[in-house]
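J.: Here is what each chain is made of, one letter per residue.
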Amino acid sequence: MPMRIKRVTLFAGHYGSGKTNIAVNYALYLRSLGKPVAIGDLDIVNPYYRAKDSQAELEKAGIRVIASAYANSNVDVPALPQEMYSLTEDRKTFAVMDIGGDDRGALALGRYMPAISEENDYDLLFVFNRSRPLTRNAQSAMTIMREIETACGLPFTGIVHNTNLGRETTPKTILDALPVVQELCGISGLPLLFTAVRSDLAPLLPQNIGEIFPMTLQKTIW
Amino acid sequence: MAEKILMKGNEALAEAAIMAGCRHYFGYPITPQTEVAAYMAKRMPRIGGTFLQAESEIAAINMVIGAAAAGKRSMTSSSSPGISLKSEGISYMAGCDLPGLIVNVQRGGPGLGGIQPSQSDYFQATRGGGHGDYHLLVLAPNSVQEMADLVFKGFDMSEKYRIPCMLLADGTMGQMMEPVALPERSAETIDKPWALTGTEGKRKPNIINSLALAPHELEEWNLERFKRYDIIRETEQMSESYLMDDAEICVVAFGIAARVSQNAVDTARAMGIKAGMIRPITLWPFPEKALKTAADQCKAFVSVELNMGQMIEDVKLSIECCKPVSLCCRTGGMIPTPDEVVAAIVKANEGGKQA
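Note that the protein sequences, when read in sequence, are chains W and F.
Counting in the working numbering, the first sequence runs from 133 upward without gaps.
Counting in the working numbering, the second sequence runs from -19 upward without gaps.
Any given hint could be a false lead.
Which chain W residues face chain F? A few, computed with CB under 8 Å, are given here [said to hold, decoys possible]:
#1 Pro179
#2 Tyr181
#3 Ala201
#4 Tyr202
#5 Asn206
#6 Asp208
#7 Asn261
#8 Ser263
#9 Arg264
#10 Pro265
#11 Asn296
#12 Leu297
#13 Glu300
#14 Ile353
#15 Trp354
I should point out that these hints are in silico values taken from the structure, not numbers from a laboratory.
A virtual CB, placed ideally from N, CA and C, is assigned to each residue, including glycine.
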């Protein structure tokens, strides 16, 4: 999958758009290319279901995981560790940052914004899932996009399409959303970088919808 | 049905409440139910409803009492410690025969406990919770879809019987995202001749109160209420059976425990054990009839819970202790794994009493 790769890749978007699964899979993808990779769990919104859930798998692959020591514990505070600064300081390592949902989640990015902006080798990607109730059309997605940009102080540089219905996703779920994605790209002036899909669905999609990024999803016991 | 969308359990229940005609939400934030309040805060002002973040849980439940007394569909939501705070008000609702929906997205306890999922408020929910002789209708969803569907059911039943309803979810139900088709139906309209809507000089004033000055009067009120409870016990028990036709081992589990247990039942079947599951959907009234019927055919029961064993008492009571009942549980915010449930099924199948 030939994609443009920046030193820092940030995934932001509407609450529940699928940022975490994409960030985890993207980190694993970069690592599979032989690059040194670190992933930062910057989610200050969600109490459960976070990048840190995949810590063992990521570390096994040789990826450094930076997350709050309190993530997945009972300490219900929106804290980020000081190590998070290494994502912007250590310019030899490729950094993947998983940002919390909506503008509230993107606030956490503000303190890293000056360094990211100064280095200017980043992609801030808007993850779009048309199956979420508050991003059913391009206009509502644009509203959330602008709110996030205001909160974090960085402009988006691209769009990742991640329309899904969880386990019930079919190729049709994804294909039906394509006109909305095209409209979103049109009105935002941003390119569609890739479409993220569960790996078993990837071969079922047509070749002409741009880059397809197959993902392995976090497993549940139910 | 509407086109499916992907929602968090907390969002789905909030949207369903709005669709069911609820325009009055009073709450106070607490993990893991905060998204209910956050969603209501965004949606209610757009549709002419009221979202009010009260100064405390106690204030919030008393606002529900006020709105319910005026005949409005109203609700509140919280998580375990917050429900304890609301319990005084819930008892007053029961005493006043007021309908309303109380959502508990449970977390680990006791005390401040933790923020991870739990089912340890089962006793509190099914025995009343506050002081006095009363019950709540208690509904236990096991998917995001049911988080939405049972909100409709809860409001309707609550108003039909004039009994407060509790939707007893847990942190995973609130936080998980799943496809959901929001029901395309309007709210049932139920007459409320008892509501405080103003007499316009045309009728005697209605009075809503839980204070009786004469003891015999209070007894009569309670006896009348218990007649309604009897009707509910007789007619409203809800449960789902899974592979129970030829089952010899019956797993009993609700909510997230039922999701895990269903996988365990499948594994046990693959191992040649005739396992099945009864999933209570109403926790009060408890589905005694389904359990009693299962007791005729099953040799043992396994109660799977996210607590130290609370529903197991209702399982034993329902089958009048005629078969062994073992417990498979985790607590403190932990969830039993399918393997742990399989081990409990295997042990029950071998005749061991304790899993």
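J.: Determine for every hint whether it applies to the structure shown.
T.: How the hints compare with the structure:
At about 5 Å, the closest approach between the beta carbon of W/Pro179 and any beta carbon in chain F falls short of 8 Å, and the interface hint on this residue holds. Nearest Cβ of chain F to the Cβ of W/Tyr181: about 6 Å, under the 8 Å cut. The hint holds. Interface restraint check for W/Ala201: the shortest CB-CB distance to chain F comes to about 15 Å, outside 8 Å, so the restraint is violated. Evaluation of the W/Tyr202 hint against chain F yields a violated restraint, the C-beta minimum of about 10 Å exceeding 8 Å.
Hint status for W/Asn206: holds, given a least beta-carbon distance of 3 Å to chain F, under 8 Å. The beta carbon of W/Asp208 is positioned within 8 Å of a beta carbon in chain F (closest approach about 5 Å), and the interface hint is therefore held. Annotation: interface hint on W/Asn261 holds; nearest CB of chain F at approximately 7 Å, less than 8 Å. Nearest Cβ of chain F to the Cβ of W/Ser263: about 4 Å, under the 8 Å cut. The hint holds.
Interface hint status for W/Arg264: upheld, as the beta-carbon distance to the closest one in chain F is roughly 6 Å, under 8 Å. Look at W/Pro265: its Cβ gets to within about 5 Å of chain F, closer than 8 Å, so that hint holds up. Here the hint on W/Asn296 is kept, as its CB sits about 7 Å from the closest CB of chain F, short of 8 Å. Given hint, W/Leu297 at the interface with chain F, holds; its Cβ is 4 Å from that chain's nearest Cβ, closer than 8 Å.
For W/Glu300, the interface hint holds, the least distance from its beta-carbon to any beta-carbon of chain F being 5 Å, beneath 8 Å. With a cut of 8 Å, the hint placing W/Ile353 at the interface with chain F holds, because the nearest CB-to-CB distance is about 6 Å. Residue-level restraint check for W/Trp354 holds (minimum Cβ-Cβ distance to chain F is 3 Å; threshold 8 Å).
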